[in-house]
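**Student:** So the chains spell out like this:
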Amino acid sequence: MIKRSFIGLLKPRLEYESIEDTPSLKQIPASKEITLLSNCPFDKKKLLLKKKAAVKTGQKLLLYKESDEYVVSSVTGKVSSISAYSGDFGRSYTAIAIEVADNEEIDDGFKSAAGESKDATLETVKNYLAFAPGNPPVKLFADKGKSIDTIVVCCVDSDLLITTNQYIVKSDMDAIKNGISILKTLTGVNDIIMVASRGQMHEVSATGEKVNQVNDTYPSALPHLIMKDMLGKVVPAGKNPEDIGVCFISAEAVASIGNAFNSGQIPVTKIFTLVKKDGSKSLVSARIGTPASDIFKAFNITLSENDRIIFGGPMTGSSVYSADHPVQPDTDAIIVQDREDIPVISDYPCTNCGDCIRVCPANIQINLLVRFLEAGLYQEAADQYDLYSCIECGLCSYVCLSGMPIFQYIRLAKYELGRANTAEAT
Amino acid sequence: MVDNNIVDNKKFIVSHAPFWHDGSRISLRNYNIALAAFPAILLGIIYYGMPAVGVISLSISSAIIWEFVFCRITKRSNTIGDGNAAIIGMIFGMLLPATAPWWLVIIGTFVAVIIGKQIYGGIGASAFNPVVVAIAILMISWNNIFDFNEALLNYDLDFAMVYPLAALKHFGVSAVDSFSMGDLLRGKQSGGIGSTFGLGLIAGGIYLIIRGIIRWEISLSFLAGIFITALIFNLTDSAHYAGPIVHLFAGYTLIGAFFLATEDSSSPVNFIPMLIYGAGAGFLTVLIRNIGVYVDGVIFAILIMNLVNPLLDKICPKAIGKVA
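Top to bottom, those sequences are chains A and B. Following the numbering used here, the residues of the first sequence are numbered contiguously, the last one being 423. Following the numbering used here, the residues of the second sequence are numbered contiguously, the last one being 327.
Quick caveat, the hints were computed from the structure, so don't treat them as lab data. Since the structure is predicted, the reported quantities are computational estimates derived from the model, not experimental observations. Where a beta carbon is used, it is the ideal one built from N, C-alpha and C, also for glycine. Some hints here could point you the wrong way.
[To be verified] Dumping the calculated EDC-like pairs for lysine to aspartate or glutamate here, alpha-carbon to alpha-carbon at most 20 Å:
#1 317/B to 380/A
#2 321/B to 146/A
#3 13/B to 380/A
#4 325/B to 302/A
#5 236/A to 344/A
#6 143/A to 14/A
#7 14/B to 380/A
#8 14/B to 335/A
#9 325/B to 377/A
#10 207/A to 302/A
#11 53/A to 105/A
#12 13/B to 240/A
#13 317/B to 344/A
#14 123/A to 99/A
#15 41/A to 66/A
#16 78/B to 146/A
[What the hints assert, rightly or not] Counterexamples of contact, computed for chain A against chain B with all Cβ distances above 10 Å:
#17 17
#18 278
#19 334
#20 383
[What the hints assert, rightly or not] Chain B regions said to be covered by chain A (calculated; three or more residues, Cβ under 8 Å):
#21 18 to 27
#22 122 to 131
#23 282 to 292
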C-alpha cells in the first residue's frame, strides 16, 4: 500500500505499474472443479443446461430459454451443479460448477462456425467470444442502437499494480495485430486508437495504428479521462463512452479475438496479476473459473480470519467473501491483503480539508456532495452536486483525512437512484 | 457454489474499494500543527517564563476537558483523541498575554470548544473558526486584558515592551518607527504568548504548507492582502498610516495567516475562493486597524470572511460532463 509517512513531506504519487522485460508467467495446474459465473440471474424454470451434462473445453453453454446469454466452458468435464450466486449491490449470477475430467477434449463448435477460411463475422464474434479473456465488448459491436465510430484499444491497465495488458503487448503482439484487423473488418470502424504508456510506445506503434501516450499516474488510464484528455470528447455526466460512439476494449480482449480466429479455438485461460500479502507480484495464467483458493495453494498463500481478497485493482476492484471465488474473464488481478494492512474506515464527519477536491479528476465538490450522501439525499446529490459526474476512480476515499468511505457512498447513491428509477419505470 | 472448506470456513473482510488509504489522519494532521506551532510557543515561554507555560497548559487541558464533558453530556463517542480540542486550546493560548487570568482561559476554551465548535455539530461543522470566535467574544467582554501593554507591564525584557499596533493606534506612525523588521521577526515586541515570534510562525507555516496541511493560497493571499492594502494607505498618507512591514509582522497577522485563517471547516477549498477569502481577510484587517476602533483587526476580519466562505465556495470549476 502506498502511504504517506509522518516524516515524508510530499503526498504520494500513485504510479501505474510498468514492466521492462517480459515477466515469467506461472501456469496454475488444472483444478478439480471450476465455476463459471454468468451475469444472468438464476432462474430454475428456464434452465437449458442440465446437471451431469458433459462439456468440452471451449464449448459454448447456452443457459436459459429465450435468452442468448452463454458461458464458455474452460475445461472438459461434467456439470456438477447450477446455482444462484450473489455479488455486491444485489447483483445475482448463475454459477455453473464443472467437475474436471482427466482427458481434455476441444470443442469444435467455434471452428465450424468461424469456417475454414477464418472469415470473421460479427455474428460469430457475438455468439462465441463474449466470455473470452478480457471480456470483449461484443454486444456493443452488434448493438444497432449504439453506433460505434471509434475503438480505443487499451494497452495499459486502468488500475494500479496490474500488468495484464502490458504482458499481452509484450508477449502476444501478433494476436493483437490480428485482432485489430478482424475488428476493423467486422465492425467497419477504421478509427482505431491505441492507448499506451511511455515504455510501450515503440512496441505499440508497430501495429501501424494511431498511438496515444497515457500519463503514468493514476487515474489517467480510466476510460473517462482517456476520452477527455486524448480524444477531446467529454462524456456527459451519467453516460458511458459507448453512448457517444467510442468503444473501449482491452489489449487482452483484442488478443483473444485474434487468437480465437487464428487457432480456431476460444481462448480459455486468463492472465492476471497476483499480489501477495507482502506486496510481491506474480503474473499468473489460469483457466477461467479456477477458484482463487487453488491459486493461493499454488503460491503457498495462507489466509487467516479477517484478511481481504480483492478481485481487481486496489482502487476500483471488489472484495469477495469466499476464497473459492472463481477467476472471471475480466479478473485482471487478485490481491490478498493481510488484516493488519486494511485501512480503517471511520464514521468521522467531513472536516472540509479539501484534499478530495484537489485530487478529484472530475472537479466534483465532494465536500458538499458527501454531506448529502451521508444524509441519504441522493436525488439532491444528483441534481445539485454532480453525483453522476463521478468517474469512479476512488481517489477521494484514498485521500480522505476522516477515513470516510466516500467512494462507497457515491456507488451506493448511484445504485439506489438506479433502483428507484427502474421501479418508477415499471 | 460449492464450498470446499466448510470445516475451515474463514470470514474475510468484504468492504468496498478503494482498498488503499494514504494514511492521513485527523490526529496526525493535528500533531503536525502542534509541531509547527512549537517554535513560536517556545520563544513565548523563554520571554515570559512560567506564567506563559501556565496559560498554554491550562488552555490546552481545559479545551480537552470541555470537549470530553460535552461528548459525555451529549452521549457521543469521545473525540478528544483526534487532537482537535488540544489544537484549539493551544492556538487559543498562543493568542493570550502571558498574564491572562485562569478564569479567562477557562471561559475562553469553553466558548471555543462548546460554542465555537460543538453546538454546530463538532469537527468539520463549525461555520466560524472556534478560536477566533472565542477571542472575539473575550476581546469584547474583557477588553483591558487584551491590552498587551497593560497586561505585560511588569515584564522587563531586553526590548521595548510595547505592543506595536496599540502604539500605532494611539501615538501615530512615529511610535512604531523604532521597530525594525528584524526585531519584529525575532519576537522583540509585546503581544500574545505565541503570536510575536515572526520567524517561528513563518517557519511553522511553511512546514504546514509543504506538508499540505494548510493551503498556501489562503496564507499567501492573506499576507498579500495586508501588504497591498497597508501599502495603499501608506502611499496616500504616510504621516497617518504605517507602512506594510509593521502590519505584516505585528499583532496577530502571522499567526492569523498560518493558524487562524487556514482552519479547515471555516475556510474555502477551491482555488479562486481561497484567494478571495485570504485577500479579503487581509484587506479587512488593515481597514479595521487603520480606520476602525479596534487595535488589531485580524480576529474580526477572519470572522467576517468565515461568514462569506460558503458563498465564496460556490465559485468552483464545472464538474466534467456536467450538462448545462
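**Student:** For residue 236/A and residue 344/A, compute the direct alpha-carbon distance and say whether it is at most 20 Å.
**Tutor:** Since the Cα atoms of residue 236/A and residue 344/A sit roughly 31 Å apart, the hinted pair is violated (cutoff 20 Å).
**Student:** With a Cβ-Cβ cutoff of 8 Å, does the region 282 to 292 of chain B contain at least three residues near chain A?
**Tutor:** violated (count 0)
**Student:** Check whether the Cα positions of residue 53/A and residue 105/A lie no farther apart than 20 Å.
**Tutor:** holds, 9 Å
**Student:** Cut-off 8 Å, C-beta pairs, minimum 3 residues; does the coverage of the region 122 to 131 of chain B by chain A stand?
**Tutor:** holds (count 5)
**Student:** Is the Cα-Cα distance between residue 317/B and residue 380/A 20 Å or less?
**Tutor:** holds, 15 Å
**Student:** Take the C-alpha atoms of residue 325/B and residue 377/A, compute the straight-line distance between them, and say whether it is at most 20 Å.
**Tutor:** holds, 15 Å
**Student:** Check the hint pairing residue 207/A with residue 302/A against an upper bound of 20 Å on the C-alpha distance.
**Tutor:** violated, 49 Å
**Student:** Verify the proposed pairing of residue 14/B with residue 335/A, using a straight-line Cα cut of 20 Å.
**Tutor:** Distance of about 13 Å is within 20 Å: holds.
**Student:** Need the status of pair residue 143/A, residue 14/A: alpha-carbon distance at most 20 Å?
**Tutor:** It is violated: about 33 Å lies between the C-alpha atoms, which goes past 20 Å.
**Student:** Would the pair residue 13/B and residue 240/A pass a check requiring their Cα atoms to be no farther apart than 20 Å?
**Tutor:** Given that 20 Å is the threshold and the Cα spacing comes to 42 Å, the pair is violated.
**Student:** Need the status of pair residue 325/B, residue 302/A: alpha-carbon distance at most 20 Å?
**Tutor:** Not OK: residue 325/B and residue 302/A at ~44 Å, beyond 20 Å, violated.
**Student:** Taking only the CA atoms, is the gap from residue 41/A to residue 66/A under or equal to 20 Å?
**Tutor:** holds, 15 Å
Hints 2, 3, 4, 5, 6, 7, 10, 12, 13, 14, 16, 19, 20 and 23 from the list above are not met by this structure, while the remaining hints are.
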